[in-house]
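Sequence lines, in order, name chains L and Y.
FYI, in our numbering the residues of the first sequence are 1 to 162.
FYI, in our numbering the residues of the second sequence are 1 to 786.
Honestly, the hints are just simulated from the structure, not real lab data.
Errors might be hidden in some of the hints.
[Stated by the list, open to error] Here are the simulated SDA-like cross-link-like pairs (lysine to any residue), alpha carbons at most 25 Å apart as the crow flies:
1) L:Lys143 x Y:Gln529
2) L:Lys150 x Y:Val712
3) Y:Lys27 x L:Pro119
4) Y:Lys27 x L:Gly53
5) L:Lys143 x Y:Arg46
[As the list claims (entries may be wrong)] A partial selection of chain Y residues facing chain L, derived with a Cβ cut-off under 7 Å:
6) Phe23
7) Gly26
8) Glu199
9) Arg282
10) Met668
Just so it is clear, the structure is predicted and the values come from calculations on it, not from any experiment.
Yeah, the Cβ is synthetic: ideal placement off N, Cα and C, and Gly gets one too.
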Amino acid sequence: MEITITVNGEARTADVEPRMLLTHVIREELGLTGTHIGCDTTSCGACTVLVDGEPVKSCTMFGVQADGHEVTTVEGLAAADGLHPIQAAFQEEHGLQCGFCTPGMMLVGAALLERNPDPSDDDVRWAISGNICRCTGYMNIVKAIQAAAKATAGAEPTAATA
Amino acid sequence: MSAHETEIRGVGHSVKRKEDARFIRGKGTYIDDIHLPGMLHMAILRSPFAHAKINGVDTSRAAAVPGVIAVVTGELMAQHNLAWMPTLSGDTEAVLATDKVRFQGQEVAAVVATDPYIARDALELIDVDYDALGVVISPQQAMASDAPLIRDEKEGQTDNHIYHWESGDKDATDAAFASADTIVSLDTFYPRSHPSPLETCGCIADVDGATGQATIYMTTQAPHLIRTVFALVAGLPEENIRVISPDLGGGFGNKVPVYPGYVVATAASLLLGHPVKWIEDRSENLISTGFARDFHMHGEMALKSDGTMLGLRTSLLADEGAFHADAQPSKFKVGLFHIVTGSYALPAAHVEADGYYTNKAPGGVAYRCSFRVTEASYLIERLVQNAAYELGLDPADLRKKNFVPQDAFPYESATGFVYDSGDYHGAMDKALEMIGYDELRKEQDAKRAEGKLWGIGLASFTEVVGAGPHKDYDIIGVKMNDGAELRVHPTGKAILKISSKTQGQGHETTFAQIVAEELGIQPEDVKVQHGDTDNTPYGLGTYASRSTPTVGAATAMVSRRILEKARKIAAHLLEVSEEDVEFERPTFSVKGAPDKAVTIQDVAFAAYTNFPDGMEAGLEGSYYYDPPNLTFPFGTYAVAVEVDPDTGVWHVTRMVAVDDCGVRINPMIVEGQIHGGLTEGYGIAAMEQITFDEAGNCIGSNFVDYLLPTAVETPRFELGETVTPSPHHPIGAKGVGESATVGSPAAYVNAVIDALWPLGVRNIDMPLTSAKVWEAIEAAKAGASA
């Protein structure tokens, strides 16, 4: 069946089987391979995307369920003029190694900062607890998300006066 | 600013990673991101039984599904002499089962279809007629006289025994034990775990029928070794095989072996004339690919009453699964387990080990560990703590009393290793200071008085990595030497091609820094290429913490080789003799006339535009490094835990890790590696285990049953360092990727055992789940009141 999803701000139409998982729609039909698949059982979070701003594990949602909704993937995280603060912070704080969990981690982190602009260590750890990283031991992921929070807070007054 | 004043970001600089630019944008290229024109999709049918005879495989219903192109069976593979393949340990392994299945999850047939959903649909329509057979799920069962024979197809194989192996001096060890005041022993099982990189394994085989060219994109940590194995297995000319290992979503040893899926996909591509993609799902990864450990250990230590260690002996049972497929140096049957004397001046030691076939998945000893070093480190560090308590000594003091002293290096261990360098007291002192050991012990006494269960655990590990010298180290006969090729372009930028394969370790950054260190070309100007056998020098790949000790050394040495030529060109440009040229990165100058100078960039341009008569053009070279010795990273980890006596839940309150991996090339990356290893070590100690029921069903076939640490449970780590360079490595580095997985499990477990010691608890086998800890507490209480 034909579905239309607003992906990273752009309306995208695809003709998919009703059983096709959202993650496969994104990867195979729309060609956005930054969304990864790690476990098939909603356990690891590598496939996390934002649906209407909320983190969703796209391996546990059918593509047809996203019809008419807004989806943000890692490819839509950066503004046209540069990196999202969370992307810059992940690089600066060495918040990634193999990079496979990174898109999901950054999207969860970005969603956290939307609702909590100054998260504590525990806040961050609970927010990313549905996302597994095998490389970093989470230490620098937590640092990166907190650094992004600081960078965002520091940037806001400038943006407000602009 | 002149070149002189620009700091070269070589060794010791926390250069931000070059690879991150693509990963943070979602622009990495992992195996499943690759699409080739005309590509078909393969899915594998796996055995539901752990041991069963196959009477027949009926593929007719599956083959009739629209979109199915082919169904591949063991019989078809056998027609091409591909039903069996060699393993990295010199055994054979079924590619697709023909006679019987030997573990649950074994590959039985494969469907190739136009779409991955269709391929999976069709799997369910393959009818396999099985007769279930008796099942063996442990070495103890395997050695029983009436045990079912698993490898009945092997000529001369009459039981399930694979090998017996010994190391050390048995007579000297027996004599040491005869003279001991105290003998401390420990029986412990290091459970089967799984490396579980977040990306599973997979490949795309693209065989061109017209040219015979086989391009195989594959999740492999060892592309060159795999290409050689493929040439041997398939009889394909090696020059026509190109293995490309794209970005890897982690490896941790899981991506070293050759898996049947790779071979079947390649055969399917050859037969069908289309590229064939095969991507495992997570369950397939957990039940069928390279597991780790599964090692039953008995250890005994002989001591004098004052705590002087006299001898160590261990006997071991290895559960190898249905095929002996360890990826390890061929000379050593339980890897480098004989590093078991650890950090201690043990005058005598003896190791004996036996390996057995069982009805479990093959492919052992992987998981962020250099060939069973983590099992060895765990056993000695657990024994040392138990010995201390048996003798009424503090475990830190017992360790310090017996450490190999700093002035004894190079030190030859009782099992024949020559430790390159070490300062064990230095690392221990630093760890104790960081955690505030003396204060913590006082606090523990106070908490114990209140009835609380507080524990402090130490581990002072010595690791052995960097295999290795060609005399002793090979895999299937191929010497464990690795190469680097470096070409400096006319504009002074460079490309470095290496035989290692990064899986997140940051080789694209670290190895560029080594070139920067040697030649003064900034790391951002050095492109590092890896993972493509057509475009990199030969080598055995990345595992066992060997990349920095071998490929890092090759990179330094090829840089030095190029520097020799660069000096000649500089002399030509400066119109002086070579002896009068000084090099201070990145500048060559005339001795006594520092203003007369050219940079490495000037020299590079001249190498193509203005070189002396009689000299070859260009500025490039290659180097194959044969390590003169292994390297021996070490450190002390200190853990404090609190155990809830009512639930068995334990919580890490402090975790201090002092690592000495020699010279640190990129401190930021080194610390990241340690964080990761400490977390995987925690997972192994606390929650990770692949178990089997009596029928051989794999329990732990998904991330709901096979638990991995999340950010919430993972301890907060405090890192410290000492630096004792390796004397034989060109830049003094030792390798660090696995130290923390090797050293930390014993520290976590020692802390919990320390908490429970007063109750009488002497051992809990990993993983220390809250249920097992609670049971141990209850059993100890019941024993005390009985």
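Broken hints, by number:
Violated hints: 1, 3, 5; rest satisfied.
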